[in-house]
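Residue numbers (numbering that gives the first Met the number 0), protein chains in the order written: chain A, 0 to 368; chain B, 0 to 356.
Any given hint could be a false lead.
[Unchecked claim] Below, a list of computed lysine-lysine pairs in the BS3-like style, where the Cα atoms sit at most 30 Å apart:
1) B:K166 - B:K124
2) A:K123 - B:K325
3) B:K295 - B:K193
4) B:K340 - B:K295
5) B:K193 - A:K123
6) B:K229 - B:K75
7) B:K342 - B:K325
8) B:K124 - A:K123
9) B:K325 - B:K301
10) B:K301 - B:K124
11) B:K340 - A:K123
12) A:K241 - A:K366
Keep in mind that the hints were calculated from the coordinates and are not lab data.
Listed below are the residues making up each chain.
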Amino acid sequence: MRQILTLALVFSTIRLATPLVLAALGGLYSERSGVINIALEGLLLAGAFTAASVTYYAHSPWVGLGAAMIAGALVAYILALACIRFRADQVVTGTGINILFIGLPAVLSGALFLSSGSTPQIPKENLLPTLSGLLPGFMPHWRILTEVSVMSLLALILVLFTRYVLYRTPFGLRLRAVGENPEAADAAGVGVNRIRYVGVVLSGALAGIGGAYLSIGQSSLFTRNMAAGRGFIALAALIFGKWRPVQTMLACLLFGFADALTIQLQGVPVSTVFLRIAIAVLIFLVIWFIAHQLSFLNRSRIIELVSAAVVSVIMWRVVYAVTRGTQNVEIPVQFIQMIPYVVTIVVLAGFIGQSRAPRALGTPYQKER
Amino acid sequence: MKYKALLALFLLSSLVFIGPACNRASYGADDKSKIHVGIVFDIGGKDDRSFNAAAWAGVKCAEMGTLPDGRTSCGKPALDIVLRDVEPGNPTSIEPAMRAFAERGYDLIIGVGFAQAPIMELVAKDYPNLHFAIIDGVSQLPNVASLIFKEHEGSYLVGILAAKTTKTNVLGFVGGMDIPLIHRFEKGYEEGAKSINPNIQIVQNYVGVTDAAWNNPGKGKELSLAQIGKGADVIFTAAGNSGLGAFDAVEQSGTINGRATHFVIGVDSNQNMVKPGFVLTSMVKRVDNAVYDIVKLVVERKFQAGFHVFGLESDGVGYVIDQYNKDIVSPEAIQAAEEAKKKIIAGQIKVTDAMAN
């Protein structure tokens, strides 16, 4: 049990959340300006492939990182051109870009490396550096368990920077204005479409950094579809974080934590006492939530809580009867694999509360004539 | 007007790109007298440096008599065939790819991976006169050959090598998608390790439950790091591209006095050269030989449906000792593995097949 609740979990969470934070931040710039960015997955893949290919030839991760930013920005510019200039449907265009980047790396890697969708492995010296030795001592293997990439630090800095830009600078004000009320912003003399271009292109550059982390930070090569849905999870985190930088980062950390937990929990015997309590608490929360949503209880806080408590005590008794006499049980792997998905559903369906999208999100702006 | 010009330019330039591609893919020019072989890869794609790569090596050898690089000889004669391949981007494009080959009357259509077995059943029923071969899958149809490997036996041997190498008595196993086939690797590995030391503990993890689990090296690395945190010092991967994350993890843990502190065991293809010094050995599954043999049977018109089983006795599975790992594996370990190999072939050791029940 103790081995689960260790610092290793914390650092694993940070490593897993880093690409999510970078992609979600990218999404934030675009969506705050009023353009839906469902293309984050494709932008991550574009960044990842460019970073790995360029690093392979240039032997420098920094050149690769820069190229990934440029590639992300260029791809995002296509999105911007379609969505802003030609007023195309933003979701359809974004999906198109996602599909494009399932195939395009395969074609390009065929031309560059005679492979079909992956790059050669990049030697360790040419990967993005890590901040090791933050916590020296303990046991020898602690060094690698507590290692995080410099990109994680960069992600944190970018979150704080974004918060500053969004709420403390004229550009941030304009960005929010064109996302909320483009007509008013236009009347005030703000170039709505120009700001939106900047928002979407910035979004691509940031997602490109996230992609670079995937291929030359966390791993040592690009493989096809290596983003594995992270772009969509970042989008969910952005909504959960109510389109605000720090909250979005916390949401990403929550998703990273769920992922890290599945990794750490697999194949580890869990004490039955802990399991019983965990199940009881989980059921309590679920029942409370359902009761809260049902209107026939007249939304009385006390009835909600009591009914949840009664059901969870009953369930606790059931679990107790089933697991009596055992010290430790191993949770079936299928249940553990469910954790990130359950967290996503619960978070998006229930605990998100009042999340209001930028009002002009998804609608192209056309100047009145 | 400006945009019309741009559009025209775009169309022209795309023609330039499509032109050469068309030439390569034009089927009209094919020599109809030759045997046509179509291969549909798994989601991992043919350069996963592992399972699909082995299948690709097999068909390339049959086509050119060389390894996929086109220069080095594969040690077998070329079979004078026409070869086409498809790498499906997602599971839904497997069936159209297979049907496209069948529609053009390909003599042999090879499906790579267990996931294609049900699809191949559908297609093979519609084209009873064509030959089909499925790798890792099973079909009872009279025109489908099922190429099966005894992965548990090969895994048993690398389990012995791992048990003889570990200092912590904790071994790791990283599986890709959580499916019975991969449990077969895990079970054999565990039994092999426990035959050396019953107290050895195996930490096992799976990357995921969907086919995305084969292409997620980032998660593969995190799983390996977690296993290293639990004390594992030899990690066996059976996870396609995700397994490459385990290679990164052991490399990151570094060396002491020139010897790696943690090792990884590669799978399917020989992966010893991926990170030399950190790869203990590779549990090879000679998909390449199996594929070459089935192509050869079709060329010689001796195709046989049913089960083609490849085990230790035919060197269909095994472990690799080459210049990259000969200094890492102790002679004693190799001796133990060789003895176990003889006993398995002789039937004295029965390795549990996790798929049998």
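Hints, one by one, checked against the model:
no., hint, in the structure
1, B:K166 - B:K124, "violated (53 Å)"
2, A:K123 - B:K325, "holds (23 Å)"
3, B:K295 - B:K193, "violated (40 Å)"
4, B:K340 - B:K295, "holds (28 Å)"
5, B:K193 - A:K123, "violated (34 Å)"
6, B:K229 - B:K75, "violated (45 Å)"
7, B:K342 - B:K325, "holds (23 Å)"
8, B:K124 - A:K123, "violated (50 Å)"
9, B:K325 - B:K301, "violated (40 Å)"
10, B:K301 - B:K124, "holds (20 Å)"
11, B:K340 - A:K123, "violated (36 Å)"
12, A:K241 - A:K366, "holds (28 Å)"
Checked against the numbered hints given earlier, this structure breaks hints 1, 3, 5, 6, 8, 9 and 11; the rest are met.
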